[in-house]
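**Student:** Model the full assembly from the supplied sequences, consistent with the hints where possible.
Chains as they are written, first to last, in our numbering: chain A, 101 to 275; chain B, 4 to 192.
Misleading hints may appear alongside valid ones.
[Said to hold, decoys possible] In silico DSBU-like pairs for lysine-lysine, Cα to Cα no more than 30 Å straight-line:
hint	chain 1	residue 1	chain 2	residue 2
1	B	182	A	209
2	B	184	A	204
3	A	215	A	204
4	A	209	B	181
5	B	146	A	215
6	B	184	A	209
[Unchecked claim] What the simulated footprint calls covered on chain B by chain A, stretch by stretch (three residues with Cβ under 8 Å from a Cβ of chain A suffice, anywhere in the stretch; the number is not a length):
hint	segment
7	16 to 27
8	122 to 131
[As the list claims (entries may be wrong)] Negatives, chain B to chain A, calculated, CB over 10 Å:
hint	residue
9	37
10	117
11	155
12	163
13	167
14	171
15	174
16	175
17	179
18	181
19	185
To be clear, the hints were calculated from the coordinates, so they are not data collected in a lab. A virtual CB, placed ideally from N, CA and C, is assigned to each residue, including glycine.
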Amino acid sequence: MNRESKKLQPAPYWNPLLAGISLGAVLLITFVTTGHGLGATGLTTRLTAWLGMNVAPVATSTNEYLGGMVEDGKPLNAWITWQVIGVAAGALISAYFARRIQFKMDGGKFLGGSKRPITALLGGVLAGFGARIAAGCTSGLGLSGGAVLSLAGFTFLGGFFAVGLLTSHLMKEGK
Amino acid sequence: MEITISGLILGGMFGFVLERAGFGNPNKLTAQFRLTDWSVFKVMFTAIVFAAVVLMILERLGVIAPQNLFIPPAFLGAAALGGALVGAGFAIGGYCPGTSVVGMMSGRIDAAIFLIGLILGTVIFAGIYPSIETLTTLGEFGKADTLPEALNISDLTINVVMVIAAVGVFFLGSWMEKKSKGLVTSQSK
Numbered sequence: 101m102n103r104e105s106k107k108l109q110p111a112p113y114w115n116p117l118l119a120g121i122s123l124g125a126v127l128l129i130t131f132v133t134t135g136h137g138l139g140a141t142g143l144t145t146r147l148t149a150w151l152g153m154n155v156a157p158v159a160t161s162t163n164e165y166l167g168g169m170v171e172d173g174k175p176l177n178a179w180i181t182w183q184v185i186g187v188a189a190g191a192l193i194s195a196y197f198a199r200r201i202q203f204k205m206d207g208g209k210f211l212g213g214s215k216r217p218i219t220a221l222l223g224g225v226l227a228g229f230g231a232r233i234a235a236g237c238t239s240g241l242g243l244s245g246g247a248v249l250s251l252a253g254f255t256f257l258g259g260f261f262a263v264g265l266l267t268s269h270l271m272k273e274g275k
Numbered sequence: 004m005e006i007t008i009s010g011l012i013l014g015g016m017f018g019f020v021l022e023r024a025g026f027g028n029p030n031k032l033t034a035q036f037r038l039t040d041w042s043v044f045k046v047m048f049t050a051i052v053f054a055a056v057v058l059m060i061l062e063r064l065g066v067i068a069p070q071n072l073f074i075p076p077a078f079l080g081a082a083a084l085g086g087a088l089v090g091a092g093f094a095i096g097g098y099c100p101g102t103s104v105v106g107m108m109s110g111r112i113d114a115a116i117f118l119i120g121l122i123l124g125t126v127i128f129a130g131i132y133p134s135i136e137t138l139t140t141l142g143e144f145g146k147a148d149t150l151p152e153a154l155n156i157s158d159l160t161i162n163v164v165m166v167i168a169a170v171g172v173f174f175l176g177s178w179m180e181k182k183s184k185g186l187v188t189s190q191s192k
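**Tutor:** Take a look at the structure:
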């Protein structure tokens with residue numbers, strides 16, 4: 101392989117030890133400076149409330165779950181909003197400099213083949229629904245809850261990995 | 004202003020590291036559940052143990068006060084059920100909520116669809132909330148919120164056990180990776 105073609109390849113991923121320590125360091129700095137960990141679905145919930153506020157204002161403000169978030173009319177006014185915007189920006193910068201930005205429908209090989217859009221949507225629905233029951237997702241409850249040795253965090257991770265392993269066996273390799 | 008900068012910087016580092024780890028790639032993420040690529044276990048375990056150990060040291064040095072750290076309440080039934088659904092969503096959809104943002108930013112259309120699914124799932128949850136509200140406080144463990152409190156052993160002991168377990172995960176994972184078809188790299192098709 102000559103240098104020119106090598107240059108165009110996506111850069112390799114970090115090894116897991118380096119990535120793990122880096123992730124742990126980011127999590128640690130977050131706890132020390134804010135008192136809480138990192139998250140994701142805190143924003144998608146607020147985004148849902150914001151969309152509801154604009155599309156169906158009455159139904160949203162009377163909804164028992166979302167109503168409280170739209171009371172002041174600013175459901176997106178929270179630290180988690182900026183944190184997730186940060187995640188998007190950080191991921192974009194990383195992917196750009198590693199030459200890993202590529203527009204494609206990915207994951208079909210293992211997740212439904214030509215039905216990949218359906219598996220992606222269904223997976224998102226299940227994860228979105230589940231994260232509201234647990235009041236957190238893999239980042240907010242699993243990772244952040246684990247770092248403070250919380251029972252809820254470890255219980256979440258146990259359920260996550262057990263059911264993930266089982267469900268994965270039911271997924272057929274597609275074409 | 005302060006929450007803006009803090010959120011952007013911390014979130015930016017979070018997203019950068021997740022992308023570098025390969026966690027925007029659904030093939031790599033789900034390879035953990037096929038047991039052919041153990042990066043998810045290795046990275047998550049290392050991150051949790053690293054943060055837990057340093058937090059413990061900082062608490063003992065008096066740099067941070069433990070009561071200032073957010074500990075999620077011990078609704079263990081809700082955590083298990085929610086974790087199970089997020090795990091199923093991960094295995095079927097290829098992402099968890101945070102990594103779907105990373106996947107979308109590297110151009111993956113399926114990750115954007117997963118994100119739409121997340122919002123749909125939240126809408127469904129909010130729509131039927133009155134009838135499932137009890138699920139969110141299911142299985143409350145009254146005695147303690149943390150593992151050291153529940154088992155009545157020191158956080159030092161828990162952390163030592165977790166470090167040993169993490170080393171075990173690295174050995175087991177690397178051994179199983181060698182037996183399988185190989186790791187998912189940034190150049191895998």
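**Student:** Now, for every hint given, state plainly whether the structure supports it.
**Tutor:** Hints, verified against the model:
At roughly 21 Å between alpha-carbon atoms, residue 182 of chain B and residue 209 of chain A fall within 30 Å of each other, so this suggested pair holds. A distance of roughly 24 Å separates the Cα atoms of residue 184 of chain B and residue 204 of chain A; the hinted pair therefore holds under the 30 Å criterion. A distance of roughly 14 Å separates the Cα atoms of residue 215 of chain A and residue 204 of chain A; the hinted pair therefore holds under the 30 Å criterion. Restraint check for residue 209 of chain A and residue 181 of chain B: the C-alpha separation of about 21 Å stays at or below 30 Å, so the hint holds.
Simply put, residue 146 of chain B and residue 215 of chain A have alpha-carbon atoms about 47 Å apart, too far for the 30 Å limit, and the pair is violated. For the proposed pair residue 184 of chain B and residue 209 of chain A, the alpha carbon gap of about 15 Å is at most 30 Å, so the pair holds. Check on the segment 16 to 27 of chain B: 11 of its residues sit with their Cβ under 8 Å from a Cβ of chain A, so the three-residue criterion for coverage holds. Counting residues of the segment 122 to 131 of chain B whose CB falls under 8 Å from any CB of chain A gives 9; the rule of at least 3 is met.
Not every beta carbon of chain A lies more than 10 Å from that of residue 37 of chain B, the smallest distance being close to 6 Å; the non-interface claim is violated. Not every Cβ of chain A is farther than 10 Å from the Cβ of residue 117 of chain B; the closest lies at roughly 4 Å, contradicting the non-interface assignment. No Cβ of chain A comes within 10 Å of the Cβ of residue 155 of chain B; the nearest lies about 13 Å off, and the non-interface call holds. At roughly 12 Å from the closest C-beta of chain A, the C-beta of residue 163 of chain B stays outside 10 Å, upholding its exclusion from the interface.
Listed as outside the interface, residue 167 of chain B is consistent with that label: its C-beta sits roughly 15 Å from the nearest C-beta of chain A, beyond the 10 Å cut-off. Every C-beta of chain A lies more than 10 Å from that of residue 171 of chain B, the closest at about 14 Å, which supports listing it as non-interface. Against chain A, the non-interface label of residue 174 of chain B holds: every CB pair exceeds 10 Å, the least being about 13 Å. The beta carbon of residue 175 of chain B sits about 13 Å from the closest Cβ of chain A, which is more than 10 Å, so the claim that it is off the interface holds.
Here residue 179 of chain B stays apart from chain A, with its beta-carbon at least about 13 Å from theirs, past the 10 Å limit. Non-interface call for residue 181 of chain B relative to chain A: holds, since the shortest CB-CB distance, roughly 15 Å, exceeds 10 Å. Non-interface status of residue 185 of chain B relative to chain A is upheld: no Cβ of that chain comes within 10 Å, the nearest being about 13 Å off.
In summary, the numbered hints that this structure violates are 5, 9 and 10.
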